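Chemist: One letter stands for each residue in the lines below.
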Amino acid sequence: MNSTITHDLAVPLNQEDRAKRAFVSSLRIHVLQHMSGSMKSRYEEVVKPEAKKRGNQCETAEQIHKALKTDFVFKAYSSARTCAQEMVFDVVSESVDREFETLAEKASPAAPKGSLTLDSSVKIPRSVSEIDVHLAPGSYHAEYSRDDFATGAVYDNAIEVFSFGQFGKDMNDIGMTLSNYIRLKYPDFRPAKILDAGCTIGHNTVPWAQTFPEAEVTGIDVAAPVLRYGHARAESMGVPVHFRQMDATNMRFEDNSFDVVFSSMFLHELPLKDIQAYLKEAYRVLKPGGLLWQMELPPMNQMPAYDNFYLNWDTYYNNEPFYGTFRKQDYRKLLTNAGFGAEQFMEATMPRYTFVGEEAYKEAIEGDNTFDTLTGRMDPNGTRWYGFGAWKN
Amino acid sequence: MRRIPRKRRGERNRFFQAEGVDEMLSCMLRLTAEVSALKDRLYIAEKVLEQQGLTMSSAIEAYQFSEAEESELAAGRQRMIETILAQLDASPDVEDMTDENSKINEAA
Numbered sequence: 001m002n003s004t005i006t007h008d009l010a011v012p013l014n015q016e017d018r019a020k021r022a023f024v025s026s027l028r029i030h031v032l033q034h035m036s037g038s039m040k041s042r043y044e045e046v047v048k049p050e051a052k053k054r055g056n057q058c059e060t061a062e063q064i065h066k067a068l069k070t071d072f073v074f075k076a077y078s079s080a081r082t083c084a085q086e087m088v089f090d091v092v093s094e095s096v097d098r099e100f101e102t103l104a105e106k107a108s109p110a111a112p113k114g115s116l117t118l119d120s121s122v123k124i125p126r127s128v129s130e131i132d133v134h135l136a137p138g139s140y141h142a143e144y145s146r147d148d149f150a151t152g153a154v155y156d157n158a159i160e161v162f163s164f165g166q167f168g169k170d171m172n173d174i175g176m177t178l179s180n181y182i183r184l185k186y187p188d189f190r191p192a193k194i195l196d197a198g199c200t201i202g203h204n205t206v207p208w209a210q211t212f213p214e215a216e217v218t219g220i221d222v223a224a225p226v227l228r229y230g231h232a233r234a235e236s237m238g239v240p241v242h243f244r245q246m247d248a249t250n251m252r253f254e255d256n257s258f259d260v261v262f263s264s265m266f267l268h269e270l271p272l273k274d275i276q277a278y279l280k281e282a283y284r285v286l287k288p289g290g291l292l293w294q295m296e297l298p299p300m301n302q303m304p305a306y307d308n309f310y311l312n313w314d315t316y317y318n319n320e321p322f323y324g325t326f327r328k329q330d331y332r333k334l335l336t337n338a339g340f341g342a343e344q345f346m347e348a349t350m351p352r353y354t355f356v357g358e359e360a361y362k363e364a365i366e367g368d369n370t371f372d373t374l375t376g377r378m379d380p381n382g383t384r385w386y387g388f389g390a391w392k393n
Numbered sequence: 001m002r003r004i005p006r007k008r009r010g011e012r013n014r015f016f017q018a019e020g021v022d023e024m025l026s027c028m029l030r031l032t033a034e035v036s037a038l039k040d041r042l043y044i045a046e047k048v049l050e051q052q053g054l055t056m057s058s059a060i061e062a063y064q065f066s067e068a069e070e071s072e073l074a075a076g077r078q079r080m081i082e083t084i085l086a087q088l089d090a091s092p093d094v095e096d097m098t099d100e101n102s103k104i105n106e107a108a
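In the order they appear, the protein sequences are chains A and B. Oh and the first sequence: position 280 is 280 in my numbering, straight run, nothing missing. Oh and the second sequence: position 74 is 74 in my numbering, straight run, nothing missing.
Since the hints were made in silico from the structure, they are not lab data. One or more hints might be untrue.
Only some residues are given here: those of chain A computed to face chain B with a beta carbon under 7 Å [to be verified]:
hint, residue
1, Thr4
2, Lys20
3, Cys83
4, His134
5, Leu135
Simulated restraints, written as ranges between beta carbons of each label pair [claimed, not checked]:
hint, chain 1, residue 1, chain 2, residue 2, range
6, B, Leu54, A, Val46, 51 to 57 Å
7, B, Tyr63, A, Pro304, 52 to 58 Å
8, B, Tyr63, A, Gly382, 43 to 49 Å
9, A, Glu45, B, Ala68, 52 to 58 Å
10, A, Gln276, B, Val48, 43 to 49 Å
11, B, Arg6, A, Pro271, 26 to 32 Å
BS3-like, lysine-lysine: derived pairs with alpha carbons at most 27 Å apart [claimed, not checked]:
hint, chain 1, residue 1, chain 2, residue 2
12, A, Lys185, A, Lys169
13, A, Lys69, B, Lys7
14, B, Lys7, A, Lys75
Computed from a predicted structure; not experimentally measured. We put the CB at the ideal spot given by N, CA and C, even for glycine.
Okay, chain A solo, but in the shape it has when bound (with noise of 0.2 Å):
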């Protein structure tokens, strides 16, 4: 497999790396198509007729939980699916570790066009440091040593694995949609400062710098180590970010400070309260004129049922305890409570900018809004991406 890192802090691989990265992204496939598919079949088949007749009616997703929890498809389905997600982080964290001191070389950029500015008095809060989120042993604040950016390394490598591609060139896909849909819908919006909350290692965040080269933009994150791998990650390729270690429930920016303030797959890690927070804050220190955009999961009410439990259940196995309840609110009602506009509510699913061209993606993005089973799905057939945002009137 060629990795899709470009970067020069991409970890040296040798031929036992490939392979066991490979075999971990195929099996991954494998689960997500082929054993989902199967697991889809035996609901409709045997499972939902079954369940009926015991008078669960399978009409929300917790419903089909019940009703699957107890098949052996689903069983296998979930324990397989449980030791593909562990063994992205075995085959990685393997490699970062034998090339911690080559990448550590390179981790201190001489001359940054970007900035990295860490605040050690920023709480981790315990939604990061009580779980080991997406089963990452450690999570992603730890530091194993000082000035560390291990588990930097680590996301951006297991992001890959685990997206066996669908990511885009380094893992820059979402970032990439979300800031050419601005560029391409809003002509006129030339965005002077662009705020990435709960940014990691960058990924996202970078792209916004290449699609407007202007602006200044800024990460941050309360993360140390995905903050300096993120920062050295951005010098590496060039382009100029400045990531700031901080809480995006409580920034420390003055009011009226950003043209875009937008996170990337962000807010379903946090509990509700953190993102009620999250949004009172972003709609701050917004400008008047700003437009906030959350590249999300998609609402419950937009998809049918069995797709919901099945998107869902990284709630109840993958250590994203807060992935539900955020798929259960009303998005448009959260901005509103956050000092939005109601009628300022946008929401629109993408195709994959850097997958289908400028040209596509151009038509794709002035038609409807399409919502299907590929929908904030990782498949191996391709995704589309949902996000929701509001201009700050």
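Following the hints, complete the assembly by docking chain B onto the known chain A.
Modeler: Using the frame of chain A, we list chain B on its own:
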């Protein structure tokens, strides 16, 4: 050197009621990853040798084992089976056999 932990905190997911089934699947998939990596390496070895003019694939298929080589491979297979199935060999019979083997080894 291992710096990054390999085992996550908290209870591991368990889906099958019978004890050990989830763990067994985990062992099996990790083993399959090792086998897959070895297979890839052998493939590369064949390609490298082919680049140097040695047509490995057909030579491998045409290869005839000597009796000594057959025995060597059989012993290797046996060792591998014993290693892989070691956790299943917890019956008293097997323990007895192990004791017998120890005695034989001590005598030797």
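Chemist: Run every hint past the structure and note whether it holds.
Modeler: Hints and how they fare:
| no. | hint | in the structure |
| --- | --- | --- |
| 1 | Thr4 | violated, 19 Å |
| 2 | Lys20 | holds, 5 Å |
| 3 | Cys83 | holds, 5 Å |
| 4 | His134 | violated, 9 Å |
| 5 | Leu135 | holds, 5 Å |
| 6 | B:Leu54 with A:Val46: 51 to 57 Å | holds, 54 Å |
| 7 | B:Tyr63 with A:Pro304: 52 to 58 Å | holds, 56 Å |
| 8 | B:Tyr63 with A:Gly382: 43 to 49 Å | holds, 45 Å |
| 9 | A:Glu45 with B:Ala68: 52 to 58 Å | holds, 55 Å |
| 10 | A:Gln276 with B:Val48: 43 to 49 Å | violated, 59 Å |
| 11 | B:Arg6 with A:Pro271: 26 to 32 Å | holds, 28 Å |
| 12 | A:Lys185 with A:Lys169 | holds, 23 Å |
| 13 | A:Lys69 with B:Lys7 | holds, 25 Å |
| 14 | B:Lys7 with A:Lys75 | holds, 22 Å |
Consistency with the previously given hints fails for numbers 1, 4 and 10, ordered from lowest to highest.
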